Amino acid sequence: MAPKNRNNRDVTPSAASTAQTSATSSGSAPQAAVSTSAKPAVNKSVSSSSSSKQDWNSVVVNLANSYRDSAPQRTKLIDAFMTFLVVAGALQFLYCVVAGNYPFNAFLSGFSATVGQFVLTASLRIQTTEANKSDFPSVSPERAFADFVFCSLVLHFFCVNFIN
Amino acid sequence: MRSLLSFFALVWAVAVSAISTTGDRLLVVLDDVADQSSYSKFLGDLTSLSPCPLSVLRYWPRRGFKLSFETPKSESLSLFHLGERAYDHVILFPSKSKGLGPNLTANLLLQFINANGNILLTLSSGSSTPSSIVSLLAELDIQLPADRTGLVVDHFNYDAASAADQHDVLLLPAPHSIRPDIKDFFGAGASSNEVLVFPRGVGATLGSGELLTPIVRAPRTAYSYNPKEQGEVVDDLFAAGEQLALAAAFQARNSARLALVGSAELLEDAWFDAEVKTTSGQAAKTFNREFAKRLSGWAFQEIGVLRVNWIEHHLNEVGASNESNPGIYRIKNDVTYTISLSEWSWSSWSTFKVPANDALQLEFSMLSPFHRLDLALDPSHSTAEAAAYTASFKLPDQHGIFNFKINYKRPFFTNVEEKNTVSVRHMAHDEWPRSYVISGAWPWITGIGATVAAWLAFCALWIYSAPIDQKKGAKKL
Chain H
1 MAPKNRNNRD VTPSAASTAQ TSATSSGSAP QAAVSTSAKP AVNKSVSSSS SSKQDWNSVV
61 VNLANSYRDS APQRTKLIDA FMTFLVVAGA LQFLYCVVAG NYPFNAFLSG FSATVGQFVL
121 TASLRIQTTE ANKSDFPSVS PERAFADFVF CSLVLHFFCV NFIN
Chain D
1 MRSLLSFFAL VWAVAVSAIS TTGDRLLVVL DDVADQSSYS KFLGDLTSLS PCPLSVLRYW
61 PRRGFKLSFE TPKSESLSLF HLGERAYDHV ILFPSKSKGL GPNLTANLLL QFINANGNIL
121 LTLSSGSSTP SSIVSLLAEL DIQLPADRTG LVVDHFNYDA ASAADQHDVL LLPAPHSIRP
181 DIKDFFGAGA SSNEVLVFPR GVGATLGSGE LLTPIVRAPR TAYSYNPKEQ GEVVDDLFAA
241 GEQLALAAAF QARNSARLAL VGSAELLEDA WFDAEVKTTS GQAAKTFNRE FAKRLSGWAF
301 QEIGVLRVNW IEHHLNEVGA SNESNPGIYR IKNDVTYTIS LSEWSWSSWS TFKVPANDAL
361 QLEFSMLSPF HRLDLALDPS HSTAEAAAYT ASFKLPDQHG IFNFKINYKR PFFTNVEEKN
421 TVSVRHMAHD EWPRSYVISG AWPWITGIGA TVAAWLAFCA LWIYSAPIDQ KKGAKKL
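Each protein sequence line maps, in turn, to chains H and D. For the first sequence, the UniProt record's numbering gives the first residue as 1, with consecutive numbering after it. For the second sequence, the UniProt record's numbering gives the first residue as 1, with consecutive numbering after it.
Read the hints as simulated data drawn from the structure, not as lab findings. Any given hint might turn out to be false.
[Stated by the list, open to error] Label pairs and their computed distance ranges (CB to CB):
(1) L461/D with R143/H: 42 to 48 Å
(2) G100/H with L461/D: 55 to 61 Å
(3) H429/D with V154/H: 20 to 26 Å
(4) V437/D with N65/H: 48 to 54 Å
(5) V437/D with F150/H: 29 to 35 Å
(6) F136/H with K394/D: 57 to 63 Å
(7) A99/H with S465/D: 37 to 43 Å
(8) D334/D with F150/H: 44 to 50 Å
(9) L461/D with V160/H: 20 to 26 Å
(10) N403/D with V154/H: 47 to 53 Å
In this text, all values refer to a predicted model and were calculated from it rather than measured experimentally. We put the beta carbon where it would ideally sit given N, CA and C, even for glycine.
Assemble the whole structure, with the sequences as input and the hints as a guide.
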């Protein structure tokens, strides 16, 4: 028992260090995003409101264009699926608010099916994005998809059982 | 169940041999055994073995009590023999002695009541009440006048023929039930020109306990005073008006009965067939003989005795098993409960009819009742001798150990207290309704279906869009 614990203790600092490295590496992307968004903010303080609106429009158009042109097809597919899940989940929640939560297990399983599927799909997106390749050196896109399919099947099994 | 059957067999055996449901051994305690001649008609009615030839109109069933006569001071008098009751019923006529001796102490009489013995107790203003009777009545919350002597007089309702001066022979209308929901045992069927004569009697006041019920109350103009006090003006009344009970009933929790009659003279032959004259000058017949018969019949368990024949409860659901009296139910089950009751009246069991304005109620209780329901007459299970009462209801949404409880305690009726214990379990995991049965769940079922379908489509598209990625992946690998 004791040596095992010691092993665990030995392991933890290294795990923490990997977490730290991953945090710093992922932190670089938001910093970049902040620097890009800071530009229009500076403009806004100087120019009038109409011009800032035009700037915002151009930013959105640029963003959409670059997404359309440069994002891989699979990423777009994932995003479409996630959007669908958000809409489906929101509709179910709205129905619960409007029509009442009876039977509650049906609401829980229906709603959590969308939420769980969203989480799994988001994980798939993170693991298959080219930019995150360095964070998952051992996870190939095929492996990520297989994990995704397996976890999704488990999720669907639980939800169908729980809705009774 | 077996003990119940043997109990019914016992009741049947007793019913065949005697008219009373509890036995036929009757002890009559008189100061002087020779006094019994003045009560010969009353005692003759108790022992009569054939319909009374004197009253053709009224049905006199045989009552068949076996009388034993004793004096209070007799050595051989004992209410108990080897720890068992030696008699089933006792009539105590007034005694001139101060106490009733060591064999009739208040404690012994109470023990007799506790052992299901019945007592008919008579008082008289002619002699002071023995101390053991006073303490027995005090034990039952019945108060007698101070100094153990009292006389009830009424200057408006007296017998003009026999008590024109003293006004101490009261003429009362036939007694009626004191509340509309109480069956009229004592005065039913009396004609309007019959009066109950109450000669030279003692009135008592009753405590507020539910075991006590007045049978005859004094008229509003009557009062009770101590005749030994000499004086022109009565300034020390014991009680007046309707608070004076001239005849009263006590029924213990074990349904043993004690009937109190303020005037022993009421039971004498002389008043059974006497002609009396009201203050307005009209001649009237006395109701005393019928009243004495009914009062003794009530006291000795010949009327107002209830019997539970059977109790049955079962699931009342389509497709459910039809088992009787199951030990376990599930919450929210539909259940039917039926109880069969008979009432003994004089010589036979008959259907028990709940008096108008009253209800027989069933409680379904765990510590406190979750349901209290009126039981309705169920003609399909009733017979000529037994009435079945039934109620159907849905069990509460609460699991635990519950009782079907009947607690029917009414004046003049023997107590009915029945408890049937059942377990109520919660829903089994496969007894809940499926989601697709509940229309409210359909949107969420659709939600899961949409999610799964979209996921399948997503997987198909993902694999379909694979080549580009694979090329890229292959390049990078």
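The hints, checked one at a time:
1. L461/D with R143/H: 42 to 48 Å: violated (19 Å)
2. G100/H with L461/D: 55 to 61 Å: violated (36 Å)
3. H429/D with V154/H: 20 to 26 Å: holds (21 Å)
4. V437/D with N65/H: 48 to 54 Å: This hint holds: roughly 51 Å between Cβ atoms.
5. V437/D with F150/H: 29 to 35 Å: Given a distance of about 32 Å, which is inside 29 to 35 Å, the answer is holds.
6. F136/H with K394/D: 57 to 63 Å: holds (59 Å)
7. A99/H with S465/D: 37 to 43 Å: holds (38 Å)
8. D334/D with F150/H: 44 to 50 Å: holds (47 Å)
9. L461/D with V160/H: 20 to 26 Å: holds (23 Å)
10. N403/D with V154/H: 47 to 53 Å: Given a distance of about 48 Å, which is inside 47 to 53 Å, the answer is holds.
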